[in-house]
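Residues per chain, in single letters:
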Amino acid sequence: MRISARLAQRIAVTILGGATLVTLLALVYIVFFVLEKGLEVVSVDFLLSDSRDMGRAGGIFPTLIGTVVLPLLALSIATPLGICTSVFLTEYTLENRITRIVRFGTDCLAGIPSIIFGLFGFIFFVMTLGMGWSILSGGLTLAVMVLPTIIRTSEEAIKAVPRSYRDVSYSLGATRWQTVKKVVLPNALPGILTGIMLGIGRSIGETAAVIFTAGSSLRLPHSLFDSTRTMAVHFYILAREGISTENAYGTAAVLIISVLLVNLAAYWMMNRFIAKRS
Amino acid sequence: MRTMNILLFLCCAAILSSPPGCGRGTKSVTMAGSTAFQPFAEKLADQYMSKQSEVTITVQGGGSAVGIQSAISGAAQIGMADLVILPEEAQVLTTTVAARDGIAVVVNPANSVSALTTDQIRDIMNGKIKNWKEVGGADAPVTVVSREAGSGTRSSFEQIITDISLTEDALIQDSNGTIRETVANDANAIGYLSHGLLNEKIKALLVDGQACSNESITDGTYKLVRPIFLLVKGTPEKEVQDFIDYILSDEGQQTITANGLLSAK
Amino acid sequence: MSIIGEKGVRRILLVTAFSALSALLLIALFIINEGVPFIFRYGLRDFLFSSEWKPAEGRFGIFPMLAASVWVTLGAMAVGAPLGIAGAVFLSEFAPKSVMRIIKPAIELLAAIPSVVYGFIGVMVLAPLIRSSLGGPGLSILAGSIILGIMILPTIMSISIDSLLAVPQSFREGSLALGATTWQGVYLVIVRAAKSGIIAGVILGMGRAIGETMAVIMVAGNAVKIPDSALDSARTLTANIALEMSYATGMHRQALFATGVVLFVVIIILNSLATVVIKGKVARR
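Protein chains in written order, with my numbering: chain W, 1 to 278; chain P, 279 to 543; chain D, 544 to 828.
Fair warning: there could be bad hints in the mix.
[What the hints assert, rightly or not] Footprint (simulated), chain W over chain D, 3 or more residues, beta carbon under 8 Å:
1) 563-573
2) 618-632
3) 692-702
4) 801-808
The set of hints was computed from the structure by calculation and includes no laboratory data. In this text, a Cβ means the ideal position worked out from N, Cα and C, and glycines have one as well.
Chain W on its own, in the form it takes in the complex (with noise of 0.2 Å):
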C-alpha cells in the first residue's frame, strides 16, 4: 500500500512529536512527584534547623551546609587546575602525539563511573592518608571526579575560539599569555562555564562516593576535617532506612529546587555574558 509522502510526514511528525511528549511528561512527572510530596515539608524552619533523632525531625541545614562546601571546595581545587591545563594543552603545546593521548586519557577518566572514584577516595583519602570521614577526603575525591570533565569541555571552548582572533591579537602585538587572558578565555568562557555547571551538578548529586569519603555524620562542620552529609546523602539514607518518608521527600525537592537553580543561574549568567560581548 503506497501511501503518498505527505501522510507519511504526517504520520512521522505524530510519531515523533509522541516520543518527545513521552519523554517530557516522564521527566515532569519525577520532577512533580517529588515536589508535591516534599513541599508540604519544607519551611524557613526545615531549611534552617538542625537535625533531630536521625532526621526524622528538625531539619536539614547541615545537610545544606555540606551541599555547599564539597561541591564548592571540590571546584576551587578542579576549576583552576583544570582551566590551567587546558590552556596549556591548547595553546601552549603543539598539537602531537602526546596531547592526543592526554585528550584520549581525560576522556576516558571523565567516564569513569563515580563509584571507583569513590572507591579511590575511601582506600587513598579516607583509609592511607589518614584523613578519615571529612570534607576535606570528599572534596578532593569529587574534584578528581570533576577534573577531567572541566579539561575536555574548557579544551573544547578554547578550540571553538577561532584562529582570526588570535591571529587579530598577535598581530597587533600581544603576547600570548596577553592574548589567552584578553581574547581567548574570555571567548571562551560560556563553554567553561558549562564545564564547571557540570561539575557543580555532578558533586551536588553524587551519592556513593561521597558516602564512602565525606561519611554520613549530621552534626554541622566546623572544620575540613569534620564529616558531613550532603542532602544528596541524606535523602538516600532517609529513604533507605525507612526513618522518615515525608522528610525524605522534603529532602529531595530541596535538592531538586537547588539543582535547577544553579542550572538556571548558569544559564541566565552565560546569556548576559553572551550579550554584553556581542
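With chain W's structure known, arrange chains P and D on it following the hints.
Below, chains P and D alone, put in the same frame as chain W:
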C-alpha cells in the same frame, strides 16, 4: 576569574579550618559500624553531648564489618558490630556489650503463613523450598530478601540458623529499612530485620513456636538474638571510655530500651 | 603579570597542568595497581566467566554481574535511544524554533536531577507497577533499564539536537528544492548527515548507563545470578562494587578493584568507538 576562584578557595579554607577552640570541643570521637545500632548511637551521642561540651561524637554507618575494620585501622575510636560471633580479626579488640537485639523473620501481612521452624527457614533461605505452599501457604513462589554480605544482621542470622548458603535468587538490599519496604510491598517476600524496626506493614513470624517479643528475647526462648558490641582497640582514651560508660549507665540503657532495643543485661 | 613574565606564566601553567594530569594518572595507576595483579593471580578467564561470586570462599567470578550490566545497559539504550533521537528530530526539524529553545534547556535541566531521586521513584512507583502487572519481584532488570533509559534520555537528546542543528541549512533547502517533503528530507538526508554526532551521543549515553550505581542498586534487586529474563533481579558491576566496597579486605578488595579495571577497559573501548565514528565522518568529508 581564576584569581576569584583562588580567593574563594582560601576564604573557605579559612572558615572551615576554624581554630578548634571555637564552637565544639577539641576532643572528637568517631563511632562507625552497625547500621542497626547507628540511630541509637546517634541519639546517645546527642544526649551525651548535651550534658558536656568537651567531646564531639560523630557516628558513621557502613555495617558491622566496617565497624570492625575501622576500629582496627583507627579510623574510628569505637566500632559497632552486631554479630553473634565476632570474626578472627576482631580478637585484638576489647568488646563491650551495649545492647541486645532480636532479629525478626518477616513476611507480608497478606501471607497466610504465621510460623516457621528453623529448618524451614534454612531451606527457604537456601532455595530448597521455593513455593509457599510447601510450608502451608498459598501457591506462590517465595521471594527471599536478604542483607548484603557485610551486614551484621545477616551474619548473625546465618550464624544462629546455621548452614545457610543463600540462594542466588535472593534479592539483596543494603539496609533494614529497604528490607522492610520490600517485604511490605511484595506479598510473597520473606526477609529478616532488627526487631526494633517492626511495624504494621510487615508481619513477624513465630520461629519454632516463639514470637519475637521483648520478653521472649530477654528470657532466651526466642533464639534469634544478637548482642551489639562496642569495639575498642587497645586501651581506650578517657573520653572514649567515658562515653562507653554513659551508654552502659542507667540513662543510656533507658534510651536504648525506650527506642526498641534491649538492654545489655 | 609583568612581574612573572611570559616565561613565568608558561612555567606556572606547565606545573599546574603537570600536577593535574599526574593526579589523574595516579588514580588510573592506583586502580590498575590494585586490580591487575589480582587478575593475573586469579586468572582472567575464571574472573570474567565463572558465575560463582562467593568472596567468603575465595571465589570471584563476575559473570553474573557482567551479564546484568550488559542487559541493563542494552535495555536502557532500547528505552533512551529511540525516544531521545525521535525527540531530537522532532525538536530540531519540525517544532518551531521557539519551542525548541525552551524545551532543550528544560530537558538539560532535568538531566541534573540526582540519580538517587530517580532510583527512589523507581522503587516507589515503577517496581510495584512491574510486580503487579508483569509479575516477578518488581525489582528487576526491566525496572533498572527503564529508569536508566529515562536518566540518559536528556544526554542523547541534547547531543542529537546539537548534531542535527549543525547540519547546514543548505541540505534542507536543497532537499526541499528537489520536491521532497520535510520528513523525506529528514530521513534521507539530514539524519544521515548528523549520524556520527548522534551515534557519539548514544555511545556517551551508553557509558553513563554502564557507570550508574545508586539508581541501579535501588531498583534492580541485586541478586547474584545470571538473569534469565528481564523480570529477574540482577546485580550490575557497579552495584557489586558499591555493596561490598566498605567491608572488603585483602583479595576481596582487590577483586573489586579488578572489577573497576574491567569497567575502565569498557569505557576505553566505548570512547575509542566514539572517536573512530566521529573521525570517520570527518575523513569522509
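Results of checking the hints against the structure:
1. 563-573: Contact hint for the stretch 563-573 of chain D vs chain W: holds, 8 residues under 8 Å.
2. 618-632: With 6 residues closer than 8 Å to chain W, the stretch 618-632 of chain D meets the three-residue bar; holds.
3. 692-702: holds (count 4)
4. 801-808: As far as the stretch 801-808 of chain D goes, the hint holds, because 3 residues have Cβ atoms under 8 Å from chain W.
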